[in-house]
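Chemist: Each protein sequence line maps, in turn, to chains A and B.
Going by our numbering, the first sequence runs without a break in its numbering and finishes at 114.
Going by our numbering, the second sequence runs without a break in its numbering and finishes at 1113.
Honestly, the hints are just simulated from the structure, not real lab data.
Computed from a predicted structure; not experimentally measured.
Check before you lean on any hint, since a few could be wrong.
Stated by the list, open to error - Label-pair distances were calculated between CB atoms; the ranges are:
1) A:S14 with B:D1059: 14 to 22 Å
2) B:R1044 with A:T72: 20 to 28 Å
3) B:K1009 with A:L46: 15 to 23 Å
4) A:G62 with B:S1080: 45 to 53 Å
5) B:S1111 with A:Q45: 45 to 53 Å
Said to hold, decoys possible - Residues from chain A shown here face chain B by an in silico Cβ test under 7 Å; the list is partial:
6) L44
7) T108
8) S111
For each residue, glycine too, the CB sits at the ideal point set by N, CA and C.
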Amino acid sequence: AQSVTQLGSHVSVSEGALVLLRCNYSSSVPPYLFWYVQYPNQGLQLLLKYTTGATLVKGINGFEAEFKKSETSFHLTKPSAHMSDAAEYFCAVSLYSSASKIIFGSGTRLSIRP
Amino acid sequence: DGGITQSPKYLFRKEGQNVTLSCEQNLNHDAMYWYRQDPGQGLRLIYYSQIVNDFQKGDIAEGYSVSREKKESFPLTVTSAQKNPTAFYLCASSTGFINQPQHFGDGTRLSIL
Chain A
1 AQSVTQLGSH
11 VSVSEGALVL
21 LRCNYSSSVP
31 PYLFWYVQYP
41 NQGLQLLLKY
51 TTGATLVKGI
61 NGFEAEFKKS
71 ETSFHLTKPS
81 AHMSDAAEYF
91 CAVSLYSSAS
101 KIIFGSGTRL
111 SIRP
Chain B
1001 DGGITQSPKY
1011 LFRKEGQNVT
1021 LSCEQNLNHD
1031 AMYWYRQDPG
1041 QGLRLIYYSQ
1051 IVNDFQKGDI
1061 AEGYSVSREK
1071 KESFPLTVTS
1081 AQKNPTAFYL
1091 CASSTGFINQ
1101 PQHFGDGTRL
1111 SIL
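Just chain A, same shape as in the assembly (with noise of 0.2 Å):
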């Protein structure tokens, strides 16, 4: 079965500093892997995502995440925090058991400081 774990509910960075929120998926195939943005009383915004070919993508609002197969991690990071990154982030899992179904994880809030 597929899963994705998200490691911290809840990551508070300064403005300016690096920004790391963490992913590990489970599965026995290749997979499929996303990252969405949701700001406050919005939807999901997809942010990047992986599917074949190279491991480090580069997304929108100067993000990026690397696929790393030998630890089954997609974290996702950012050089430099901005304020207006302040959101829930969710790394996701398409499921091969159903070809339209996507697992997401329970999400990350972040928060930057002044």
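On the provided structure of chain A, position chain B as indicated by the hints.
Modeler: Chain B only, in chain A's frame:
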């Protein structure tokens, strides 16, 4: 611009009432989904549809019903059988291919009067 429209943004329900949440997409996507989000929690799948006139229960379908009569539309009815309906409801769509992401609407917040 293509996208997903959910309406209304805020909805109030009296005890014992059924309410219907609207979801329309113009992305020409085959698959559509309804999720429920509670404070501090992730997304839980209520129903999904991979094609017109067909839909499947998700993880928390009890107390909810859906229809998929048109490709563009996937309304969700919260029935009186749903005892704790207060939540944020999100609609999404996708091409249905495993390597493609889901696209989300802006959500409907349902509250009990």
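Chemist: Hint by hint, note whether the structure agrees.
Modeler: Hints, one by one, checked against the model:
1. A:S14 with B:D1059: 14 to 22 Å: violated (38 Å)
2. B:R1044 with A:T72: 20 to 28 Å: At 24 Å between Cβs, range holds.
3. B:K1009 with A:L46: 15 to 23 Å: holds (21 Å)
4. A:G62 with B:S1080: 45 to 53 Å: holds (47 Å)
5. B:S1111 with A:Q45: 45 to 53 Å: violated (24 Å)
6. L44: Given a least distance of 4 Å, the restraint on L44 (chain A) holds.
7. T108: Where the cut-off is 7 Å and the nearest Cβ of chain B is about 10 Å from T108 (chain A), the hint is violated.
8. S111: At 14 Å from the nearest chain B Cβ, S111 (chain A) fails the 7 Å test, so the hint is violated.
Hint violations for this structure: numbers 1, 5, 7 and 8, all remaining hints satisfied.
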